[in-house]
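Student: As a plain string of letters, each chain reads:
There are 2 protein chains.
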Amino acid sequence: MVLAVLRLLHRIIRDKRMTTHLALTARAFGASSFFYSGDHDGGVEESINDVALEWGGVFNVEYLEKPSNFIKEWKKKGGIIIHLTMYGIELSNFIESMRNMLDKDLLVVVGGAKVPGFIYQLANYNVAIGHQPHSEIAALSVFLDNLSKGEARKKKHSDAKINIVPTERGKQAEANRK
Amino acid sequence: MVLAVLRLLHRIIRDKRMTTHLALTARAFGASSFFYSGDHDGGVEESINDVALEWGGVFNVEYLEKPSNFIKEWKKKGGIIIHLTMYGIELSNFIESMRNMLDKDLLVVVGGAKVPGFIYQLANYNVAIGHQPHSEIAALSVFLDNLSKGEARKKKHSDAKINIVPTERGKQAEANRK
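So the protein lines, in turn, are chains A and B.
Just so we're aligned: 431 in my numbering is position 51 of the first sequence, and the numbers increase by one with no gaps anywhere.
Just so we're aligned: 433 in my numbering is position 53 of the second sequence, and the numbers increase by one with no gaps anywhere.
With the rest of the complex left out, here is chain A (with noise of 0.2 Å):
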């Protein structure tokens, strides 16, 4: 199985750090890979990949030119598409069977400013984490820590070149000796 997630329209100078912090919780969250579409932007793409060098893991930062023949190609190739929106079918109708779906690749998309009226479509499921306006990085990390029931967020990776030292009060870390 892999899960990715996918960002649309990204706009380079309004949403540089929505997107990566986007990207950060889709890493953190327990997905592998990060799409974007809209805005080129090789600042992101960098802030994203020199955290994962420092962290650890596999996490691939792609941008897409057209996103609409990505989803169609994963779709073809058996792929599921989950699309987080508010005007979706509340997450807790779906996760029971979402989880039993983590043998299939699943595609996380997540909007931009106006996500066009073919997505809702091309999803196989448009899910919303309530029906409140909040946020596109909320919804993308309470629907990640719940499909994984808060294990995803505890890997660790033996990778990593610095570690949390997880302590009462206070910040520590340390290098990794391994």
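It is worth saying that the hints were derived from the structure and are not from the lab.
Be aware that a few hints might be false.
The list treats identical chains as one, so a pair stands whether inside a single copy or across any two.
BS3-like cross-link-like pairs, simulated, lysine-lysine; straight-line CA separation at most 25 Å [as the list claims (entries may be wrong)]:
id, residue 1, residue 2
1, Lys452, Lys494
2, Lys551, Lys446
3, Lys541, Lys494
4, Lys551, Lys494
5, Lys494, Lys534
6, Lys551, Lys452
7, Lys494, Lys396
8, Lys551, Lys455
9, Lys455, Lys494
Dock chain B against the given chain A, drawing on the hints supplied.
Tutor: Just chain B now, with coordinates in the frame of chain A:
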């Protein structure tokens, strides 16, 4: 009980969208108040108040000049300070005891760029949502969603001006006739 969020060190240009999304996330996942320190930002407050007015419920946004005094007062009155930081102890170790604290006033604190050391000392709990770098929005949403076992995000507000009509494909919303 009160459930509130404090965002430290807001910067007026760089953090406008992050802080707005944090506040909307606080609201959508069950908090009733959002406090922030750093730069005073009327634009952010207006965005949040506009959303709260349209989507209903009571949600209070307030700027704090001296967050440390505010935190000390909160504790003095018997409230609990939960600081979200990747350096803390993982959420899974805390979550049950935190759900048992819901009769108290909980203040969930999230950083900013450089959280001063005294926050780690003042907090009753320094809680990590995993130990990987991701996003304060992800941390807040996963924390609050876990706290309510996924219930808070499903709440509807009877005084909302519009409501989403959950649908399998597409976007449907209706004016609240109540």
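Student: Between Lys494 and Lys534, at a C-alpha cutoff of 25 Å, which is it: within one copy, between copies, both, or neither?
Tutor: Cα proximity of Lys494 and Lys534: across copies only (24 Å, versus 33 Å in one copy).
Student: Within a copy, between copies, both or neither: which one fits Lys541 and Lys494 at a CA-CA cutoff of 25 Å?
Tutor: between (39 Å within a copy, 22 Å between copies)
Student: For Lys452 vs Lys494, is the C-alpha pair at or below 25 Å within one copy, between two copies, both, or neither?
Tutor: within (20 Å within a copy, 43 Å between copies)
Student: Should Lys551 paired with Lys452 be assigned to within, between, both, or neither, using CA atoms and 25 Å as the limit?
Tutor: For Lys551 and Lys452, only the inter-copy Cα distance (21 Å) is at most 25 Å; the intra-copy one is 45 Å.
Student: For the identical chains here, do Lys551 and Lys446 meet the 25 Å Cα criterion within one copy, between copies, both, or neither?
Tutor: between (43 Å within a copy, 23 Å between copies)
Student: Checking an output row: Lys455 and Lys494, CA cutoff 25 Å. Within, between, both or neither?
Tutor: within (22 Å within a copy, 43 Å between copies)
Student: At most 25 Å between CA atoms: does that hold for Lys494 and Lys396 within a copy, between copies, both, or neither?
Tutor: both (17 Å within a copy, 19 Å between copies)
Student: State whether the alpha carbon distance between Lys551 and Lys494 is at most 25 Å within one copy, between copies, both, or neither.
Tutor: Cα proximity of Lys551 and Lys494: across copies only (12 Å, versus 40 Å in one copy).
Student: Is it within, between, both, or neither for Lys551 and Lys455, if the alpha carbons may be no more than 25 Å apart?
Tutor: between (44 Å within a copy, 22 Å between copies)
When each numbered hint is compared with the structure, no violation occurs for any of them.
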